[in-house]
Each structure stands twice: as structure tokens, then as C-alpha cells.
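Engineer: The lines below spell out each chain.
There are 2 protein chains.
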Amino acid sequence: MTARLAPLLLALSLAPSALAEEAKSAVPYPAGYRQWAHVKSMVIYSEKHPLFASFGGLHHIYANPEALRAYVKGGSFPDGSVIVFDLLEAKDENGAWVGGERKLLGVMTKNRTRWKATGGWGFEGFKGDSRTERLVSDANAQCFGCHQQQKDNDFVFSGYRP
Amino acid sequence: MTARLAPLLLALSLAPSALAEEAKSAVPYPAGYRQWAHVKSMVIYSEKHPLFASFGGLHHIYANPEALRAYVKGGSFPDGSVIVFDLLEAKDENGAWVGGERKLLGVMTKNRTRWKATGGWGFEGFKGDSRTERLVSDANAQCFGCHQQQKDNDFVFSGYRP
Chain L
0 MTARLAPLLL ALSLAPSALA EEAKSAVPYP AGYRQWAHVK SMVIYSEKHP LFASFGGLHH
60 IYANPEALRA YVKGGSFPDG SVIVFDLLEA KDENGAWVGG ERKLLGVMTK NRTRWKATGG
120 WGFEGFKGDS RTERLVSDAN AQCFGCHQQQ KDNDFVFSGY RP
Chain P
0 MTARLAPLLL ALSLAPSALA EEAKSAVPYP AGYRQWAHVK SMVIYSEKHP LFASFGGLHH
60 IYANPEALRA YVKGGSFPDG SVIVFDLLEA KDENGAWVGG ERKLLGVMTK NRTRWKATGG
120 WGFEGFKGDS RTERLVSDAN AQCFGCHQQQ KDNDFVFSGY RP
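Listed in order, the protein sequences are those of chains L and P.
Position 127 of the first sequence, counting from 1, maps to 126 under numbering that gives the first Met the number 0, and the rest follow consecutively.
Position 19 of the second sequence, counting from 1, maps to 18 under numbering that gives the first Met the number 0, and the rest follow consecutively.
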């Protein structure tokens, strides 16, 4: 093997599907997030709510340690912060809303250099319990358009509930 | 001072209120629980629900590391397990239930020797955001009477939501 062939062989060793995923979005699935700190929760249960069509259900927000520190002290989130929006179906059981199947897992991850065009945040959604089926093809249109109104809060909607 | 006086003086140096607290319940306030793992949540919003009068609102369950391991693998909880029931007012905002003020903080802590009469669990409740105002004067009547029906689940109602 000549030295010239090495980079080509290295590239070929990456599976085409992995390359395609990388092209779509570099936001990784947030492995282990269920044991991160819990920020807050909400049940969007009625069509009266403007987000019912997109995000109806019981959702929980989780923060990795970097994001948690920023939530607690306020101010902007440092690179490496990851925030998870875990959306479950909400089931009405005898006068109580309880969580059902997972609808989607939303992820925001901060890297000012990589995601300059969307406020320094990478956005992704994973369908149901899948770690590979991605929902975001245009972060600007699907996510940032709405998050932009939260510019004064570093584009984050949720606040930490003590 | 004679050696005989020392124990008496030691006893007097404990404030009477601290002794009274100890007599009522030895379950400590679960400092730092907001950063423990989140087990699950529920909104009890209507009088239709049998627990509405006692526990109406948005509640979250948190587990310390010992309790979390037992939740995940199943089976009984080891001594040292602490489970927190964090109950907030639930406010209906435009078709969504959101958390309001804290109503109470319920705590179960496991020590098979100390709390033999109540399934190995010590029970306590703290009013609102207080770390000292205790709600449980008779754990058997106020807590264990109901938890007893969960004997096959080590007297715990909640299950971990993956």
C-alpha cells in the first residue's frame, strides 16, 4: 500500500449510512440523559394550546451537567451543554394525566463554532424510542424559527424549577 | 466538672426543638434531591381521582443512587434508598398543566432495622418549601396504611419510566 492510498481506504472504511447521518446532523443521541438532572415538566393537553399539534403530551426537560450549571446560575449556556425535551403521550386515567409511549426526543446541543447560524445550538429530534431515526432536516425552519424569540434567554424556553 | 456531669451537659447542649424533631421522625430532609434521577411524573387534576384531595397537583418522583439501582433492576430496595415525592400545585395555563408552588415534599427512606413496623421504610412529609416543618405524626396511619397494598413492590407505588 502506498502512502497515497491510505486516506482513501480510511474513507471507505466508514459505512455509507454513517456518512449520511453525519451529513444530516451531527447532534448525537443523548445517551444516558434519563439520569441527568430534571429541569421541569408540562402536560400540553388541549388544542387550545398553540403547541398542541406539534408537542401535545407530557414532556420533561433534562440537562447535562454543563447545561444544568447554566440553568441554575442564569446567563448563556457554555459549549458542550445538552438539553433534552422528552415528549411522551399523555393519557387521561381517571382524572390524572400519566405518561404513555414516547413520541419524540428533542435535543439541543451547544457549539458556537459549529452551529453559528442557529444561535450556537444544534437541533435534532429522534422519533419515538429510536436512537437513529432523525426528524430534523432543516433546523432553521423546524426549530430555530421558534427558538429565536427566546434570544434573551440564549434561545432556550425552559427555566430551572428549584 | 466531674465525669458524671458530662453526659448531662451534653444532653442539655442539644436544643429542645432538635430533640422534639428527633422524637417525631428521624427521616432527614433529602438535601440535593433535585439533582437525583427523575423516576416519573403525573398530574392529578380532578376530583374524579381518589387521591385528588390528598395529592392533587403535578408530582415528580426522584430516587437517590441506591433507590435508582433497585428501580431499574427490580426487586426490593436496599437500606439507604431514598425516594422523594415532590408535589407542586398544577396550574391550567391555556390548555397546558404547569407546575406552581410546592405543596409538600414526601420522603421514604429505607432501613429495615429502624422502621421494621412500616415495611422497613421511614415516611415523612415536609410542608411547602420548608426543610423543618414536618407533616407526619403517625406514619402507620398517614402513610403505611395505603402503601401496604404495594407489598409485592416493596411498598412503593411508582415504577421507573425508561
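Rather than coming from a laboratory, the hints here were simulated on the basis of the structure.
Where hints are given, some of them may not hold.
Chain copies aren't distinguished; within one or between two, either way the pair holds.
As the list claims (entries may be wrong) - Computed list of lysine-lysine pairs in DSS-like fashion (alpha-carbon distance at most 30 Å, straight line):
hint	residue 1	residue 2
1	Lys72	Lys90
2	Lys115	Lys39
3	Lys72	Lys47
4	Lys115	Lys90
5	Lys115	Lys47
6	Lys90	Lys150
7	Lys115	Lys150
8	Lys72	Lys150
9	Lys47	Lys126
Engineer: 30 Å Cα cut-off: does Lys72 pair with Lys150 within a copy, between copies, both or neither?
Structural biologist: within (17 Å within a copy, 42 Å between copies)
Engineer: One pair to classify: Lys90 and Lys150, alpha carbons no more than 30 Å apart. Within, between, both, or neither?
Structural biologist: between (33 Å within a copy, 26 Å between copies)
Engineer: Regarding Lys115 and Lys39, is the shortest C-alpha distance of 30 Å or less found within a copy, between copies, in both, or in neither?
Structural biologist: So Lys115 and Lys39 pass the 30 Å test inside one copy only (27 Å; across, 35 Å).
Engineer: Treating 30 Å as the Cα threshold, decide for Lys115 and Lys150: within, between, both or neither.
Structural biologist: within (14 Å within a copy, 55 Å between copies)
Engineer: Between the shortest in-copy and the shortest cross-copy C-alpha distance, which are at most 30 Å for Lys72 and Lys90: within, between, both, or neither?
Structural biologist: Classified as between; 26 Å across copies, 35 Å inside a copy.
Engineer: Please sort Lys47 with Lys126 into within, between, both or neither, judging by C-alpha distance up to 30 Å.
Structural biologist: Within one copy only: 25 Å inside a chain, 34 Å across chains, cut-off 30 Å.
Engineer: Within a copy, between copies, both or neither: where do Lys115 and Lys90 come within 30 Å Cα-Cα?
Structural biologist: neither (39 Å within a copy, 37 Å between copies)
Engineer: Checking Lys72 and Lys47: alpha-carbon separation at most 30 Å within a copy, between copies, both or neither?
Structural biologist: neither (33 Å within a copy, 40 Å between copies)
Engineer: Tell me, please, which holds for Lys115 and Lys47 at an alpha-carbon limit of 30 Å: within, between, both or neither?
Structural biologist: Neither: 35 Å inside a copy, 50 Å across copies.
The structure is inconsistent with the numbered hints 3, 4 and 5, although it conforms to all the rest.
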